[in-house]
Amino acid sequence: MTVLDRRSNRLGVWGWLGGGRWGMERYAYILHRITGLAILLYLLLHIVVTSFRVEGIYLWTGNGFLHSPVFEMGEYLVFAAFAYHACNGLRLVLVELGVAVGKPTEPVFPYKTSLNVQRPLLIGMMFLALILVAMGAYAELIG
Amino acid sequence: MNRTRLWILHMAAGVVLFLVLGMHMAIMHLGGVSHLFAPYAGTADSIQNSLFRDRMPFFTVSYVLLLGVALFHGLYGFRTILFELTLKRAAERAITVVLLVVGLGLFALGTWAAVAAHGMALAGVKG
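Chains A and B, in that order, are what the protein sequence lines are. One rule links them: number in my numbering = place in the first sequence (from 1) + 644. One rule links them: number in my numbering = place in the second sequence (from 1) + 283.
To be clear, the hints were calculated from the coordinates, so they are not data collected in a lab. Each hint should be verified, as a subset may be incorrect.
Claimed, not checked - Okay, derived cross-link-like pairs now, SDA-like style, lysine to any residue, Cα gap no bigger than 25 Å in a straight line:
{"id": "1", "chain 1": "B", "residue 1": "Lys371", "chain 2": "B", "residue 2": "His293"}
{"id": "2", "chain 1": "B", "residue 1": "Lys371", "chain 2": "A", "residue 2": "Trp660"}
{"id": "3", "chain 1": "A", "residue 1": "Lys747", "chain 2": "B", "residue 2": "Ala295"}
Turn these sequences into a full structure, and let the hints guide you.
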């Protein structure tokens with residue numbers, strides 16, 4: 645009996661970053677991961693920094709360490725990452741639930757892929773993310 | 284809990300985050316313009332506006348909810364990404380334990396801070 649090695653189909657880091665022939669959904673997925681990791685890093689730091697307010701230390705105001713244009717810009721990038729991650733994540737949940745992927749059909753050549761069926765949803769969600777990013781930029785400039 | 288259930292929880296947490304973190308982001312990043320839950324002058328994250336929100340039980344509860352859901356969604360997602368590298372079983376177990384400890388530790392810290400900040404903000408109003 646052949647024993648399968650669970651590491652034999654390992655792609656490593658290329659498995660994370662390579663779009664290959666999978667098209668724009670694959671790159672949406674890669675960006676989803678990058679924004680997710682960035683938001684997670686921010687979240688871990690954010691919990692610690694905001695907990696200091698119990699000691700009356702507000703690092704993000706007045707002369708605080710985080711009250712500088714560099715960190716303000718960084719916060720805007722976190723907002724942009726959230727806008728993208730949230731919109732694309734909502735699409736992923738809808739697709740996982742079978743929404744917007746069409747009905748199952750017989751696998752008759754030439755085969756049809758459900759990726760093309762859900763593409764308007766992807767484009768719509770990217771458009772929504774873009775509107776949110778623009779609104780955030782406007783609020784940063786006005787505020 | 285098996286992996287399918289954890290994955291469903293991960294997705295459900297994402298939907299909850301869409302709403303709760305969406306509200307948090309709208310207040311913090313659009314608050315300078317909308318002044319939603321930020322009635323004082325300046326930015327939404329000024330000390331006065333922060334204390335204003337800390338006084339409201341709704342925000343204390345929503346911060347704790349946001350904290351728990353965000354930590355689960357983020358750390359479970361990170362664990363999934365790491366596991367795709369097809370690590371050895373021992374490494375997978377070590378990663379799970381480390382992320383669990385980090386998650387529970389930060390949840391305890393954040394919950395304590397949210398509750399303490401609420402108490403201090405209320406005491407500030409009374410005192």
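Now for the hints, and whether the structure bears them out:
Using a Cα cut-off of 25 Å, the hinted pair Lys371(B) and His293(B) holds, with the two alpha carbons roughly 23 Å apart. Distance hint between Lys371(B) and Trp660(A) is fulfilled; the C-alpha atoms sit about 18 Å from each other, no more than 25 Å. Of the supplied pair hints, the one linking Lys747(A) and Ala295(B) holds, its CA atoms being roughly 24 Å apart against a limit of 25 Å.
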